Amino acid sequence: MKIEWTKTALGRRGFLKGATALGAAAVLPAGLGSRALAAEGGTLRVRSYGDMQSIDPAFSKGVIDEEIHAAIYNKLIQYKPGREWDWQMDAAAMIEQGDETHIKFALRDDIGFTNGFGAMTAEDVKFSFERIVDEATDSPNKPDMGPLSHVDVTGEREGTIVLKEPFAPLWSIALPYITGNIVSKKAWEAAGGKATTDPLAESGPYLRASWSPKEKTVLKRNPDWKGDAPAWDTIEILPIDDENTAEIAFEAGELDFTRVSLGSVQRYRDGVPGGGTLLEYPSLYYTWLGMNLDHPKLQNPKLRQAIQHAIDVPSVLEAAYFGAAEPSTGIIAPGLAGHRPQSLVPPQADFAKAADLLADSGETNVTLKLDTLNKTTFTTAAQVIQATLAQIGITVEVNVLESGAFWASADNEDLQLVLNRYSMTPDPYYATSWFTTEQVGHWNWEQFRNPEFDKIHAEAAQLTDVAKRDEMYRRAQDLMEESGAYRFLTHEATPVVHSAGVVPALRPDGLALLRYFGKA
Amino acid sequence: MLLYAIRRFGLALLILIVAVTVMFLMIRAVPGDPVQIMLGPRATPELQARLTAELALDQPVWKQLLIFYGNLMQGDLGVDVFSGRSVTAIVFDQLPHTLALIFASITWSALLGIGLGAYAAAHPNTLIDRITAAISVSFVAAPAFVVALLSLLIFAVHLQWFPAIGAGEGFWGRLDHLVLPAFAIGLSWVGYIARLVRASMLEVMGESHIRTARAFGISERRVVMVYALRIAILPVVTVIGVGMGFLLSSAVFAEIVFARPGLGKLVIDSITTRNYPIVMGSVLISTGLFVASTALADLINAWLDPRARTAD
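Residue numbers (the working numbering), protein chains in the order written: chain A, 1 to 520; chain B, 1001 to 1312.
Keep in mind that the hints were calculated from the coordinates and are not lab data. Here the structure is a predicted model, which means the values were calculated and not measured. Watch out, some of these pointers could steer you wrong.
Stated by the list, open to error - Just the calculated beta-carbon pair ranges, DEER-fashion:
id	chain 1	residue 1	chain 2	residue 2	range
1	A	Gly501	B	Arg1130	50 to 58 Å
2	A	Lys353	B	Leu1025	28 to 36 Å
3	A	Glu96	B	Gly1168	29 to 37 Å
Stated by the list, open to error - On the chain A side, residues computed to face chain B include the following (Cβ under 10 Å):
id	residue
4	Asp56
5	Asp138
6	Ser139
7	Lys142
8	Gly193
9	Ala195
10	Asn244
11	Trp407
12	Ala410
13	Val466
14	Ala467
Said to hold, decoys possible - Partner residues aside, some chain B positions facing chain A, computed with beta carbon under 7 Å:
id	residue
15	Gly1078
16	Phe1082
17	Val1257
Backbone N, C-alpha and C define an ideal beta-carbon position, used for all residues, glycine too.
The shape of chain A in the complex, shown without the other chains:
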C-alpha cells in the first residue's frame, strides 16, 4: 500500500493561534437536565462479579459463565429456586434412576437449536456429556461428571446415562450445573468441536444477543422457545467486580439485582432505596484457619488444640464480616447432606481451656506465621486471630500475600498457619475432595492424612442413601477437627438486593437463576 504524505495547511503560527483560542475558551456552559430514572419495563439489569469467559460448557470457568449458559442452553434438570437444594425438570420430560449406575431419560419434543441445527435429540445429550469426560477435550470440568462411562441412545429422544460406579453428585452437580448443559452435536462438529465466546447454537428461553467484553452481555427472549415464557424481554448482565460500585449503581437505579457487601447489610436492613428488598442467603464458601501438620512448630497436638480453643469465632465474624455471617461447623454448608449442627470445638473461645492445653503441651514462647490473602476481610480476621491467640501467649505474625503468591502455597514447606477459603458446588463430595491424602501437595495445605477420611470420601460419593451420606460426611468433618489442624470459621453469606419490580429466582446460596426471574 502506498502512503501519500501531504503537507498540512496548519502552520506553527496557526497552531499557536488555535491553541491560544482554546485556552481562552476555558469554561463551557453545561446545561444539565435531570436524568429520568424510570426502568425500562422489559429489561432486567443484573450484576455479575466478572465477565463471561467461555460460551462452551466444557470450558466454563464457573458461576459467571453458568449464569449465561443456564439461560441459553437447557439441561435435563435445573436447580429449583428456593431456600432448599432441589432440582426440577428442564429438557427432560422424564428422568429416573434405573439402578445405581443407570439413569434413564426422555427429552421433551419441543426444544430446538438456533442457527438451523434442528431439534434437540438424545444424540446431543450423548455428545454433550461424553465430550466432557473425553481425554481429547481437555475439559477442566471433567471431575464434575465423576465416573460417567457413556450415554446409550435408545431412541431419538431417549437414552440412558451409564456410570462406571454409583455417583450421588450426579443429581446435585453433574446434571443441574455446568456439565449438564446440552449443546448441539451438529453445531459443535461443524465448528471443529469447540466454541470460544460466540454461541454456535442455543436452545434456552433466552438467546445471547450481544456481548461487549468487560461491559455487558445481553440476553433476549428466544422467539422459538416453547416452554414457560420467561418474564423479561431482555436481560442485561453487567460485569462489576467491586461490590461498592454495584451498590451505587443499584441505588442510582441502574441495576435491578446485585449481591451487596457484608458491610452494607445493616444499612440495607434498615431500608433498601426505591422500595427494593434485601435478601440474606448463606453461601457455600467455607473459611477456616488451617495448621500445617508437617511443620516442625505444629507437631504438638496439644498446641494445635490450644489454638483451636483460643480463637473466638464470633469476634472474628463481628470484625471481619460485620456480624452478617454465622459461624460454621465444618466445610459442609447448611442445607447439604453432611452439615453438622455443631462443631466439636464451640465457636466461642475458651481461653482458660486453651491456656491449660498450651501448658500441657510444654511449648513456650510460641511464635507462628499466619498467611492470608490481601483482602480486607481476611486481613481483619487474621488480626482478630492474632489478638485472641496473644491472650494465651502465642505470638502470631500476619503474612499478607497477593492472590498469586497465596494460591501457590501448596508446596510451601514453611506454611504454618493459613487463613483460607474455598468455594464449592452443592454436594458434600466436592468439599471433602480437597482434604484427602491424594491432595497433599495440591489443595490439602494442612497435609492432613487420614485413611478413614479418604475412605469416607471415596465411599460416600457412591451412596444414594442420603441419611447414610449425611452420617458419613459428619464423621469426616469430626476427623478433620480432631486432627487439630482446622478451626472452622464461617460459610460467609450472600446478601443480595433487588428492585421493587423484580421477583428474583435464587439458588439456596443466593446465586441467580436468571431464566426464572419474574416481575412483581
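Since the structure of chain A is provided, determine the placement of chain B on it from the hints.
Chain B alone, transformed into the frame defined by chain A:
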C-alpha cells in the same frame, strides 16, 4: 526537524523495548503458577502440563523472552488462555474506552486549567488570583478516588444527572458515561495546569516582546491572549504528553469505580490471574502509548519552539 524526529522516535523505541523486557521479567518473577491459577483446582495434571508447554512456561525465561519477541515481530501477541480469543482483539476492544477517557479528561482539564491560569496571571496578586490559586491547589490535592466516589454519590445517586456505571451506547450515550470518570481523573490536572500556565505566563509577561507590544498600544486583552498565552502554553503540551502515563494509571481505578471497560482494568485483572499473554499485550500497548505521546509532545514542542530541537 526530521533528524530530531528520527532521533526522538529511535529513543522512544528503545525505551519501549526496555520497559516491555523489564515487565516481562518482573511478571515472571512474581510467585504463583499461572497455569494453576488459569485452570483452577479441577484441571488434570496432563492438562496443566499441556498448557504449561503451550505457553512455553517450561522453558528458561530468556528463551520465553525470545519467543515473545519472535512472535511480536510477526504481529502475534498470543491468545488469551481463558477465552481462547486473540490478545490483540481483546486489547483493541478495550483500548478505545481508555483512550476516550484519557482524551476527555485531558481536554476538559486543559481547557479549564489554561483558562484559570491565564486569568490569574492577567490579574496577579488580586483577590481573583488568590481565589484561583486556592481552587487550583485544592484540585491538585483532591485524591482522584475520593472525587470519583463523591461525584458518583452526588451526581449519579442523589441528583441522577449522570450514569454511574458502564461505558454507554451510541455517541451521546458514551459521552454521557464519560462525564463523571473524566471529571474525577481530570480534576487534579485542572489545578496543576492552571498553576503551570500562571507561572509560565507571569514569566512571559515580563519579557521584552510583551513590553514592546504594550508600548505599541496593543490592548491588554490582546497582549494576554495572543502574545503571552501562546508562549505560556508550551510547557502544558509537554505536561500533557508526560501526563498520559499518569492518566493511564488513573484510568485503572476510574474503570474499577465506574465499572467501565478499559485497558487499565484489563491489566489489573490479568496480573492477578497471571494471564501472561494479556498482561504483555496490554503493557506493550499502554507503554507504547505513553512513550509515543511523550515523543509526540517533544516533537510538538520542537515544532512550536525551534530552540528545543537543539536543547539536547
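Here's how the hints hold up against the structure:
no.	hint	result
1	A/Gly501 x B/Arg1130: 50 to 58 Å	holds (52 Å)
2	A/Lys353 x B/Leu1025: 28 to 36 Å	violated (52 Å)
3	A/Glu96 x B/Gly1168: 29 to 37 Å	violated (51 Å)
4	Asp56	holds (9 Å)
5	Asp138	holds (5 Å)
6	Ser139	holds (8 Å)
7	Lys142	holds (7 Å)
8	Gly193	violated (12 Å)
9	Ala195	holds (9 Å)
10	Asn244	holds (8 Å)
11	Trp407	holds (6 Å)
12	Ala410	holds (8 Å)
13	Val466	violated (25 Å)
14	Ala467	violated (29 Å)
15	Gly1078	violated (14 Å)
16	Phe1082	holds (5 Å)
17	Val1257	holds (6 Å)
When each numbered hint is compared with the structure, violations occur for hints 2, 3, 8, 13, 14, 15.
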